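Student: One-letter residues, chain by chain:
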Amino acid sequence: MTVTEQSTGGYVGRSIPSRTGDRFVRGAGRYVDDVHHNREATMVVLRSPHAHARIVSVDTAAARAIDGVYAVVTGAELFDEIGPQQYLWDLPGQKTGHGRPLTVDKVRHVGEPVAVVVARDQYVAEDARDAIEVVYEPLPAVTTVDQALAPDAPLLHEEWGDNVQVRAAWPVAIPGLPEPPDAAAALVGAHTVVRETFTTSRILANSMETRGVVCDYDPTGPRLTIHTSTQSPHQIREGVAAMLGVPENRIRVIAPDVGGAFGMKAVLYPEEVLVPYFALRLRRPVRFTEQRDEAFVASTPSRDQRMELEIGFDADARIVGLRARYLIDLGSAPSTCGAGTGWATGALLCGPYAVPAVDIQATAVVTNKTPLGAYRGFGQPEANFPMERLLDLAAPQLGLDPVELRRRNLVPPDAFPFTTATGQLLDSGDYPQMLGMALDRPAYAEMLRERDQIRAAGRPAGIGVAFFNECTNFGPSGVFPLIGITTGGWDATSATVEPDGRVRVVSSQTPMGQDLETAFAQLAADRFGVPLDHVTVRFGDTDSSHYTAYASGASRAAGIGGSSLILAADKAVDKMRRIAAHLLEADPDDVEHADGEFRVRGAGATGLSYATVAAAAYQGGNLPEGMEPGLETLGAFDPQALAFSYGVVVALVDIDPDTGQVRVPRMVFGHDCGTQLNPRIVDAQIVGGALQGLGAALTEEIVYDESGQPGAVGFADYLMPIAPEIPELDVFHTVTPTPFALNGAKGVGESGVIAAPSAIANAVQDALPAGATPLTSIPVLPERVLAGLAEEPAR
Amino acid sequence: MTTTDLPTTAPARPTGERVLTMQVNGEPVAALAEPRTNLADFLRERAGRTGTHTSCHQGWCGACTVLVDGESARSCLTLAVQADRAEITTVEGIEDPDGTLSRFQQALIDHTGFQCGFCTPGFVVLGTEIIAEARAGARFDRAELLRRLSANICRCTGYAGIVDALESALASALEDPDPAEQAGRHGSGEAGA
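First to last, the sequence lines map onto chains A and B. Our numbering numbers the first residue of the first sequence as 1 and each following residue consecutively. Our numbering numbers the first residue of the second sequence as 796 and each following residue consecutively.
Just so you know, these hints were derived from the structure itself, not from any lab. Since the model is a prediction, treat every value here as computed from it, not as a measurement. In this text, a Cβ means the ideal position worked out from N, Cα and C, and glycines have one as well.
What follows is a set of in silico ranges between Cβ atoms, one per label pair, in the way DEER data are often shown: (1) A:Asp717 x B:Ala933: 29 to 37 Å; (2) B:Thr816 x A:Leu282: 27 to 35 Å; (3) B:Thr895 x A:Glu625: 51 to 59 Å; (4) B:Leu872 x A:Arg538: 36 to 44 Å; (5) B:Glu962 x A:Glu628: 52 to 60 Å; (6) A:Val135 x B:Val814: 40 to 48 Å; (7) A:Ala65 x B:Val814: 25 to 33 Å; (8) B:Leu872 x A:Leu282: 28 to 36 Å; (9) B:Leu872 x A:Val735: 46 to 54 Å; (10) B:Arg934 x A:Arg195: 53 to 61 Å; (11) B:Thr895 x A:Phe79: 54 to 62 Å; (12) B:Thr816 x A:Ser477: 55 to 63 Å; (13) A:Leu282 x B:Glu812: 23 to 31 Å; (14) B:Leu872 x A:Ala153: 37 to 45 Å.
Whole structure, please, built from the sequences with the hints as guidance.
Tutor: Okay, structure coming up:
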């Protein structure tokens, strides 16, 4: 099947306006907290105020006595009631915690759930929570990876014997294949070797909608209907079923409108099990809405790595080998996401560059902080920052411009498909062309002029470049077990032609702002050859969508979800063609499908409409011999390989020399995600992602003090970009379809955040005096900028 | 506020609950609230207007912005009792009674000034207030618009579509004032009406 066989509707590739806008601008979106049930009760969670402490006693008597309180339960009381969680990323040899939604004898991070109250409403529940008396015996907190690895370190999980959760290394020797090249020898023989240690700080997705769960209770069975703000309804259903011992067919999980997720809502959380547990126990609906202060300690942050990176070059400045040793600060125990982001950093460390030999070792370490999880980019920003900074540090030593150094080392276009030294297959692209195009943009010329103007006005200014690729269309089911994922990597769509001939598509993907509702309608309208407004697209309900393991994450909706939609549509059209042929008394091979009709090729007569064919399909009495009545089909697509989007970011910074504050007045962003279903959506993903990257580069960070208290528990302490900070952003595209999706689409969801921090940090370095101490961590805060400005220029 | 303001039917409860009355988007609403009940919760849970969203509960993000007697307010930081007898306009009250979108609402769609939609109600109300001020004679350059929009946080869009939408709606509102919009949709409520 190829793209050219598509019907000629021509909706794909056009910037069709969003279907979601009408309800969103009217305030008619429906999010979890908007869902109410009669007799509902509200759950709140008592969280640990200590980073590390033994629980001596929990007294709930006073809380229970409050009018309107229905249940007050401790971790000890729940331990045998709810089973342990599963892990989406289950890396070989990984250690796990108790896996229960409430801790029992010990707390391991500020915010760890200790007890639960269910009461009449949020206000009463919080009153009761405040009345619970917990006696803690504080223990020394482990707040850095160095403390965690010290020989005499306090242990978070005594049974582990140390604070190391899992290790991983590359290259991976595969039996039957040649030995991987020796990176140590390559580095020894290198003409130039550069080495530096880089830190990517702990940051938080901060979707504007916090997490929330509402569970309705039906005594039949009993049955549970769970509304939850998640990217993965089927995964939540599996987790709840396993932990509560309720069969999956009695649980319905619905993700309604999801108010932002960014990977943070990709996996199961404790409250998603606690709420249905209490619905069963109290035999009434129960709700939970995460409050913003608890989101800062209860929703998974991400990044938080420190990497020592060493790259060797030959006399022509081509990379000969790479060595990396890095630590992942995993927080107090693996979340459902496990050490997945840390694994991805190593596997994708080579990025877009041809690196012949690697020696990479990753160590995931537990500390007394909130468990780490997924956030847009998933390990790739953590790989991109060290790589792109180190290339900039290497360039002067090699006597080259940073752009030229990158050009020499990018995977050349004739090398695709290209297997990296860590075993990743890069599907397609023209990386050097992309780099060249960025510098040919009029916006880049503007950027150079503006830099000179800022400097002439007496302020430091600089320009930085970073290249990246993004691993998307995750991923082939056959590969998943090799990388520690136990589920499948395919996705599904069902297509129904209704009795009136209109089309309804139900995807197993979950929208969370990426406007799949519009993009999939375009894809379906083209494939069915019907007007766009004849198609509706539905999502997010395990009772109506087909099972999918992974759902929406890893930038896989357009390519994998979209390909499954194509398969479902083609099956439906094929069935209609056979019904039409039967009605027209023609050979099915002579019946063509065009303009929403089925007609005999060359006969000139008016064909049969969708409504006519559908009516026959549902009446059922006049169908081809042996055909089942009805018009509903299922498409399931498993890609042969990943697809790598890619791009380049160029950033200009303008620095206030008195305050050290950095502005980013301009960015150029070149990008290729293969076939674009809707260019408007692609641009929106890039622009929004780039601004999140700007926050990660300059202001966002969750710092913990030496006692393990987080320095940010609200938006006052955690500075996300606001409107005056937006750069003039010049976005341009090339289109290199992936051969591994039926529609040629690669993902775009995470591209914006991967290289923007690197480009901005490179630009800040460029603005500092020549030879200033290298910037090695993000965010680059004003005090660091001032220190850099104070350095004497090198001569 | 004195106890003589209480409707005679208000039950005396130990929680201090009493009946509050408001005009919400032109419709009368009367419901019980405790003194500590914030306006956002009152609107969402007592008045059934779930279009107003709460995100930070600390006044930083502006998702919960509503108009109280024509002026924007953080409904998460406003106690419901403070708005007793007030005219409230929520996001649901910005469109015309016949469902026609305001210029700014339509511009948000045209410029993709939203993605997940969660912060959108706050921006719709904030932008509506800014446009009303412009109609009353205030002038906004781009820097001033960006400053005003910094009242609210959006995590998805990078703001570009929101700024473009507001600039376009402002320009069209000033070129071609719509008498219906100018008068306020429900006879009152919008600043500058």
